[in-house]
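Participant: Could you build the full structure based on these sequences and the hints that come with them?
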Amino acid sequence: MAINVKVVQRPVDDVSYVRATLKGMARTFKHLIDPHKWTTQYPEQKEEISKRWRGTHRMLTTETGKAKCVACGLCPTVCPSNCIKLVPGEDEQGNRYPLVFEIDEFRCIFCGYCQEVCPEEAIHVGRHYENSEYSREGFVYDLERLTAQTHPVCEMWDPADPKGE
Amino acid sequence: MIPSPVFAAVHVIPDPPLPLWTFLISTVIKMIVVFTVYMVGVAMLTLAERKISAWIQGRLGPNRVGGTLGLLQPAADGVKNFMKEETLPAHVNKPLFVLAPMMAFIPALMAAAVIPFGAPWDSRWGRIPMVIADLPVGFLFILAITSLGVYGIVLAGWSSNNKYALLGGLRSSAQMISYEIAMGMSLIPVLLLAGNVTLNAIIDQQASMHIWNVLTLTISFFIFMVAAFAETNRLPFDLPEAESELIAGYHTEYSAMKFSMFPISEYANMATSSALMATLFFGGWDIPFTKQDNTTGVGFVMLLLSIAIFAVKTGFFLFVFIWIRWTLPRFRYDQLMSLGWKTMLPLALAYIVIVAAMLLGLDYLGLQRGFWYGVAMLGVNAVLVGIVFFVLDRGRVISPAYGRATPQQISRLRAVTTARSHLSPQSGD
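As you go down the protein sequences, you meet chains A and B in turn.
Per the numbering used here, the first sequence starts with residue 4, numbered consecutively.
Per the numbering used here, the second sequence starts with residue 46, numbered consecutively.
These aren't lab readings, by the way, just hints derived from the structure by calculation.
Just to be clear, a hint being listed does not mean it is correct.
[Claimed, not checked] In the BS3-like style, the derived pairs of lysine-lysine whose C-alpha atoms are separated by at most 30 angstroms in a straight line are:
no., chain 1, residue 1, chain 2, residue 2
1, B, K387, A, K26
2, A, K88, A, K69
3, A, K71, A, K54
4, A, K54, A, K26
5, B, K125, A, K40
6, A, K49, B, K125
7, A, K71, A, K88
8, B, K125, B, K139
9, A, K40, A, K26
Facilitator: Listed below in structure tokens is the structure:
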């Protein structure tokens with residue numbers, strides 16, 4: 004025995020091997036025959052996700068189908084992972100609009116700050132999680148792709164109870 | 046002085062030899078059938094393992110290939126394993142690396158040849174024994190062959206040139222050698238009772254006594270079962286694999302079908318051990334509660350019934366193997382050794398002495414080998430089982446390999462460390 008190895012004095016009278024084993028086997032057998040299983044059969048059957056789920060981004064559009072974004076630059080500023088690329092442009096009327104608006108879904112940490120900070124309620128994080136691609140480049144979503152998303156967007160707070168009371 | 050010596054207890058009258066062609070054809074058919082059933086059974090066992098583990102954990106298990114029961118899952122796994130890349134790492138000892146999976150796989154299959162799986166069949170071509178090779182040393186053959194399986198594992202660990210694989214191989218050799226002894230010793234009472242090492246004779250003895258060995262020799266059965274778990278490297282004795290400690294143990298470096306050989310041989314060993322437990326302790330193909338003397342040949346219906354009974358018994362033990370695996374945690378290495386050498390072996394030795402004395406005493410009393418002989422053994426056995434399990438259940442039987450150090454030992458060790466402390470100034474006591 005090496006020195007400094009602490010040998011715990013076991014409660015000899017309470018120690019049980021055979022009884023404990025049998026008890027454990029009875030327990031597992033009970034689970035074995037229990038018809039209730041917890042598996043969700045995923046692609047066919049999906050679990051409901053929270054209304055506050057922050058997933059794949061979505062850019063909302065006006066009635067005319069244009070992105071609501073006014074290229075104010077707040078979201079790339081607030082973004083902690085620096086995943087939003089925004090190049091602002093201006094049309095003849097002096098309305099700002101994004102020339103380039105790209106979100107790298109790989110860099111994004113889905114904090115939802117972009118949605119919170121957006122003054123036009125244009126960019127949103129969505130209640131959606133199934134995004135897979137064949138290449139890394141596929142995860143950089145451009146403006147066209149962001150506006151084409153149709154999934155419901157995250158409700159950061161309950162509109163009926165904005166203060167969380 | 047003693048009316049009937051122990052070893053003349055059961056007189057096995059050898060069946061008249063079959064004509065050559067009947068023998069050859071029946072043997073070839075039996076070989077093909079047994080091999081097929083065995084391999085399909087092993088494949089289904091992998092599925093059963095996954096299904097039962099899933100059910101125990103409240104999951105559904107594989108159900109995507111072949112219906113809700115996932116019956117084609119083994120086939121899909123097989124195809125996957127064949128399609129995978131065979132890696133041959135640069136640092137391995139190539140001949141041994143290739144040889145090791147075969148060394149593990151072949152002995153696992155060989156043992157199946159001598160296990161009788163049905164009552165002898167009185168066909169119109171003569172009495173055909175339902176065993177591939179009716180070896181006179183059947184039982185010893187099994188002990189010899191199953192222990193060869195360790196070479197596959199040790200060689201796999203050694204040739205991989207990987208520290209985890211080597212540790213797994215070493216553990217496996219130590220474990221299998223330790224438990225081999227307890228396993229052999231635990232079977233001596235069975236041999237004493239049967240007076241013969243042929244597996245058919247052991248079944249005949251149980252059938253003619255109308256009481257199975259598990260009732261008359263329970264402690265032997267208990268030791269054999271624990272040793273069988275250790276021999277097949279199943280939890281709670283899966284130290285050679287020990288995912289959480291050794292990555293995958295001895296088969297860390299293997300891939301594709303070479304890797305698959307190891308699980309297959311593990312399951313084949315499991316099937317052999319289960320069949321052996323059914324044969325040695327649960328009457329083999331003996332149909333329970335029938336007074337019909339099974340030692341002579343039977344008709345075709347009874348043959349099928351006896352095969353079914355044997356399959357049910359074996360299947361039950363396979364289920365127990367899987368059930369235990371998903372219930373008990375792994376032993377620590379020193380606990381494993383302690384259990385093997387300090388509990389199982391002395392227990393088996395003591396049991397041999399007790400059973401031998403008991404048989405001698407009962408023979409001396411002039412009791413005939415039959416049902417009441419068995420009942421007398423059952424009575425003695427019940428007392429022994431009570432004592433053993435009471436003692437085994439309490440106290441530190443499976444405790445660490447070292448005992449608790451006395452105060453003197455501790456102070457002596459302390460003195461050593463103080464004397465050496467100038468060598469390593471950091472290690473303050």
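Participant: Are any of the numbered hints broken by this structure? If so, which, sorted upward?
Facilitator: 4
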